Each structure stands twice: as structure tokens, then as C-alpha cells.
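Quick note, the sequences are listed as chains E and R, same order. Going left to right, the first sequence walks through residues 1 to 274 as this note's numbering numbers them. Going left to right, the second sequence walks through residues 1 to 274 as this note's numbering numbers them.
Among the hints, a few may not be true.
Facing chain R, from chain E, some residues (calculated, C-beta under 10 Å) [stated by the list, open to error]:
#1 T54
#2 P55
#3 Q56
#4 T57
#5 G76
#6 Q110
#7 F157
#8 T202
Label pairs and their in silico Cβ distance ranges [to be verified]:
#9 T231/E with F272/R: 47 to 55 Å
#10 A265/R with R59/E: 26 to 34 Å
#11 Q37/R with Y46/E: 42 to 50 Å
#12 Q184/R with H114/E: 30 to 38 Å
#13 T231/E with A48/R: 49 to 57 Å
PhoX-like mimics (lysine-lysine), calculated; alpha carbons at most 25 Å apart, straight line [stated by the list, open to error]:
#14 K34/E with K223/R
#15 K34/E with K67/E
#16 K105/R with K67/E
#17 K34/R with K105/E
Read the hints as simulated data drawn from the structure, not as lab findings. Quick caveat, the model's predicted, so the values are computed rather than measured. Ideal placement from N, C-alpha and C gives every residue a C-beta, glycine not left out.
Protein chains: 2
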Amino acid sequence: MAEHASHNPKDPAVRANTSNKRMSPADRHGRIQKIVQNQGFVTIEYLARQFAVTPQTIRRDINLLSKEGLIQRFHGGAGMGSSTENVAYNERKIMCLEEKRQIAKMAARQIPDHVSLFINIGTTTEAVARALSSHRRLTAITNNLNVANILSNNEQFEVIVAGGLLRHRDGGLIGEATIDFIRQFRVDYGIIGISGIDVDGTLLDFDYREVRAARAIIDNSRKVFLVADHTKFGRNAMVRLGNIEEVHALFTDRQPTAPLVDVMARAEVDLFVA
Amino acid sequence: MAEHASHNPKDPAVRANTSNKRMSPADRHGRIQKIVQNQGFVTIEYLARQFAVTPQTIRRDINLLSKEGLIQRFHGGAGMGSSTENVAYNERKIMCLEEKRQIAKMAARQIPDHVSLFINIGTTTEAVARALSSHRRLTAITNNLNVANILSNNEQFEVIVAGGLLRHRDGGLIGEATIDFIRQFRVDYGIIGISGIDVDGTLLDFDYREVRAARAIIDNSRKVFLVADHTKFGRNAMVRLGNIEEVHALFTDRQPTAPLVDVMARAEVDLFVA
DNA sequence: AGAATAATGTTGATTATACCACAATAAATC
DNA sequence: GATTTATTGTGGTATAATCAACATTATTCT
């Protein structure tokens, strides 16, 4: 009755490659993980043939492994997670990626070697961390796990992670413990992002806990750099962080509106446009 | 008589990728190929977002490129042409990996839902974190960035990262700040790994800063679980962490030597062997 | 051995992706 | 500037992959 011969476990042509006995699920999981790591990407069909089981079983395995973060699940197959390669982080928020890269590059150029700095939460600040990769002997304190991972690739950097509650969404660390931790330091440069900048220069964000962390960074940095792409201009958010007058330089990708430029000029805030 | 000017590959790519203007198809093809080569596998959705075009356009690109044999087409995405078709089964040192999985699974079974726990540095403790993935509503404090990443995949978990100096090698957080941070909490379960266990039950490690963190975890946990594979038995390391009498349970993959079992029995340390 | 448990296979409904043909847009040529 | 050509977007439809539930088979435990 076995019409689907290709999936029949008893078919000698498709039996497991090391032994004719069915291997345990745990063994299979380990081998799947290894295959995925070697190949980069494999289809479910391929794995089903390799282990002489139905695709459904492989799907269950892959669901499990991806739940544990060991591999990444795709439609029709599985690929490497971000365990060994630092390639993939949150794929969702890579809008304006190129703009952010330009902004970050520009900001990194204004930061010398051998300095200490804060870097807080935000995709743009993450871009700055990447742009700093060829700097030398930096000491960086961050409440962003992605930034920590990026910077830790450079052996020369001393990376200090601020403790606190981990926000699942973006790897940000927040809470009272984070604030207290940040307050222990006083650094040369503070790199902060922002969710919105009002026309009068008010800096706005959505999460008050993140604002408090940013506040602590501003208060404990000798120079403060604000990085923000043009979508942040005029954008409204709930929580007030402060005013743009408090920062020393704004890095962005488009000329801000005239009123904002006026405010910045009066407060002697440097403006860098990519 | 412009015959096939549009597909001319010699046409110099003058359009910069930085501009928000739409890039030429040829440029996009080149960049897609590069991205695929770097990442190993990317989804069509991802590429569509990257280039701000519809998935359909990406599909046309991928069909073209795969027709030329430059990349390989998959359901939902594209990957590298697998130049190395050989499914070389490499080293067998995943043995330890598999054993760690077993140990971790066993330990996870002894941990209820809705509890708080410390998890410290070590590959075995990372395995425990993975094994905990289907638990519910755990609060975990860790000084291991990998553990933090693993646990943050579960939305139900409250993950607290202990601050401190980041060790590049393994993503561990160490230093005085880490100790102070850990001391702020008192949790139900402490999960610790170890580099060596002497025959008399002395727990040993290599890095004194890591030992101090583990010490703090033991002192502030109501129950302490030690996870260690059999390679740790009798292995020597420099720094003394404490004695096995201080832990409540040992999870391992092989029966320890008789003297050690005696010590554990006297101190009423539970022994779990996978 | 027999019962309990875990793992796998099977099926049909559901969802996601792919394809096709044509309309709309942008670039290029005259 | 109008026309031609290439390129991309937009539906509708086909196909593949996923999921959920249950039946079946291995495995484990007493």
C-alpha cells in the first residue's frame, strides 16, 4: 500500500546514512543543527530525505530548534540563526538603512580614538556602533544588547553592558537598575537616538523608561551627539526627553525645517547633514 | 537601433545606492547576488523591503539570477548555489553538545513555571536556557549575553541582564558591577556551571571574576543547581569556588566517582544522571 | 508482558507563496 | 513632445507549505 515510496522509512534507498535503525529525536536535532550550520540553508524536503522521515517530522524538529533560537525557520526550510554570524538582527526595522548608515558614518568621523562613550537604544545608534568598528581602543557603555554584540567583535574595545530589564522587541535594557548603572560613569561622548523632534526642538520618545536612560546619558556625557534620520522631524511622541539645545551636535540626512535650524543656531548646536 | 541596451552589462553603474531614487535592475541584481552570498539565505520579503519594491519584482530578479546559475532559488527566498554538495559529516565533538542537551533537559524538568532564577556563564547553562524555552512566565537574571538572547525569544519571560564588563570570548559579563547587581536579587533557583570538580567535591574555575559572580549567585539563590558534563570530573582549575555540599542538586551525564558520590550523599545533594 | 508515554505518520483545512496576464509607470529614442 | 521599450505594480488563480487533530507505531517503565 505504500504509495509514497520516497517517504517510506523502510525503503532501503532512503534510510539514514549512518545506521539503519531510526535515530533518536535528540540526535536528529543535533544533526539538523549541524547540517544547517554547514550548509547555511536546507529545505525541509532535503532533510526529510536525509533522515528518512516525513517532512512533517522535520517541521516539528525545526519548530523546536527555532524556538530555542538555534536555527532560523523559513518557508520551506531552515537556515542559520544569528549565533555565529553577526549578519542578521531585526529584519523589520531596516527602513532607511542606507540613510542611517550615512548618518552613522558621519557621526563616527567626529569621534576620536581612545575615548569613552555611551551608546543607547535605537537602530540609528546601532548603525553608529557598526561605523565605529575600525576605531581604536574605545570604552563603550551601552544599554543595547545589539550594540554590545556589534562592538564586542573588536578585541580592542572595552564593552560595558548596563544591567536592567531586557526589552524583547529590540534588545534594549531599561529600568531603574539601568539608570543607576549609567550614573556610575562619566564619559567623553554620549550617542543617543530619538523617536521624534518637535519643531521647537523638543525631543520626544514613546517609552518613559527609555527616556530616563537617555536622560542619564545626557547628564553624564561631556559631549552629546544626537543621531536621527529625517523621518523623526515633526514626529509626535508622548514622553518629553528634553530639548535639542542640550545636545552638542545633530547628525541627520536632510536639512531640518527653518525654525528648528534657528533654535539650533542660537544654542550653538552643530548640524551635520549627510 | 538600440537592440538590447537595457540589459547591457557593460553599462557603467553610475547610480549610487545611497540615493532614494530607484536603482537600475542590473544594479539590484548585483546587490542581490552579493547579499545572498553574504547571508547565505534571504527571504524574498526581506529583499523586497531592502529595495523598496514588490516581492513580485524580486521574484523576477531571482528567477533570472537562478537561471544563470548565480544563486539558487527556494520557496520563499534565495540562497547560495551549493558549490560543496558533499554533506561531509565532520567532527564528532557534538557529542558534548548532545550530552549537554540531555543534562539541560533534565535540569529544566526540575524547574517549575512561574519562578525566578539566576543563570550564569557557561555553555551548559546556555543549554539549560534553551531547554527552558517552553516554560511559562519565568523571571531570569543572567550575566551571560547568549542566555539573555535565548530567553528573550520567549515573550512570556522577564529577562534581566546583569551589567558589567563584557568578555569578548563568550559573551559573559563580569566585574564588581556584576556582583553588585546580582546581590540586589534573591531568587528561587540558581543555575551554575563549573570548569572542574575535584574528587573531594571542591568546585574549581579558571577566572576568579567568574567565580565571584557564581559565588554571589549561590549566596542569593534558595536552591542551587549545578550542571556539568562528565569531562569536568577530576579536572583541575586554579580558582576555588566552593564545595559541592553547597549546591542542592548536580545534573550530569555519567555517574561520578565513588568518593564524590559519598560526599554528595552526606550533604544530601541530589544527583541526576542522564 | 502489559500499560503508559513519546514519537511519527496521515489527512484535510488553512495559509503563504508563486505564477500569469495585463495595466501603469518610468526611461529612452527619435 | 510623442512614441517606443523596458520595467514594475496589480489583480486573480494555481501551487506549495503549514498547521492541527487524530491514528499508528516505537519506546519506556513497572
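Inset, instruction - Tell me if T57/E is really an interface residue toward chain R, meaning its C-beta lies closer than 10 Å to one of theirs. - result: Result: violated, 18 Å to nearest chain R Cβ.
Legend entry - Holds or violated: K34/E to K67/E, with C-alpha atoms at most 25 Å apart: 16 Å, holds
Legend entry - Cut-off 10 Å, beta-carbon criterion: hint that T202/E touches chain R: Interface hint status for T202/E: violated (27 Å vs cutoff 10 Å).
Legend entry - Residue hint T54/E, partner chain R, criterion CB-CB below 10 Å: Because about 17 Å separates T54/E from the closest Cβ in chain R, which is outside the 10 Å limit, the hint is violated.
Inset, instruction - Given the hint that K34/R pairs with K105/E, test it: the Cα-Cα distance must not exceed 25 Å. - result: 21 Å, holds
Legend entry - Y46/E and Q37/R - C-beta distance against the hinted 42 to 50 Å: 20 Å, violated
Legend entry - Status of the hint placing P55/E at chain R (closest C-beta pair under 10 Å): Since chain R brings no Cβ nearer than about 12 Å to P55/E, farther than 10 Å, the hint is violated.
Legend entry - Hint validity - Q56/E Cβ closer than 10 Å to any chain R Cβ: Given a least distance of 16 Å, the restraint on Q56/E is violated.
Legend entry - Beta-carbon spacing of A265/R to R59/E - inside the hinted bounds 26 to 34 Å or not: Since A265/R and R59/E have Cβ atoms about 45 Å apart, the given range 26 to 34 Å is violated.
Legend entry - Range agreement (Cβ of F272/R with Cβ of T231/E, hint 47 to 55 Å): The hinted range 47 to 55 Å holds for T231/E and F272/R, with Cβ atoms some 54 Å apart.
Legend entry - Interface hint compliance - F157/E to chain R, C-beta minimum distance less than 10 Å: Status holds, d = 8 Å.
Legend entry - Supplied distance hint 49 to 57 Å, evaluated on CB atoms of T231/E and A48/R: Once the Cβ atoms are compared, 20 Å apart, the range 49 to 57 Å for A48/R and T231/E is violated.
Against the hints set out earlier in the document, violations occur for numbers 1, 2, 3, 4, 6, 8, 10, 11, 13 and 14.
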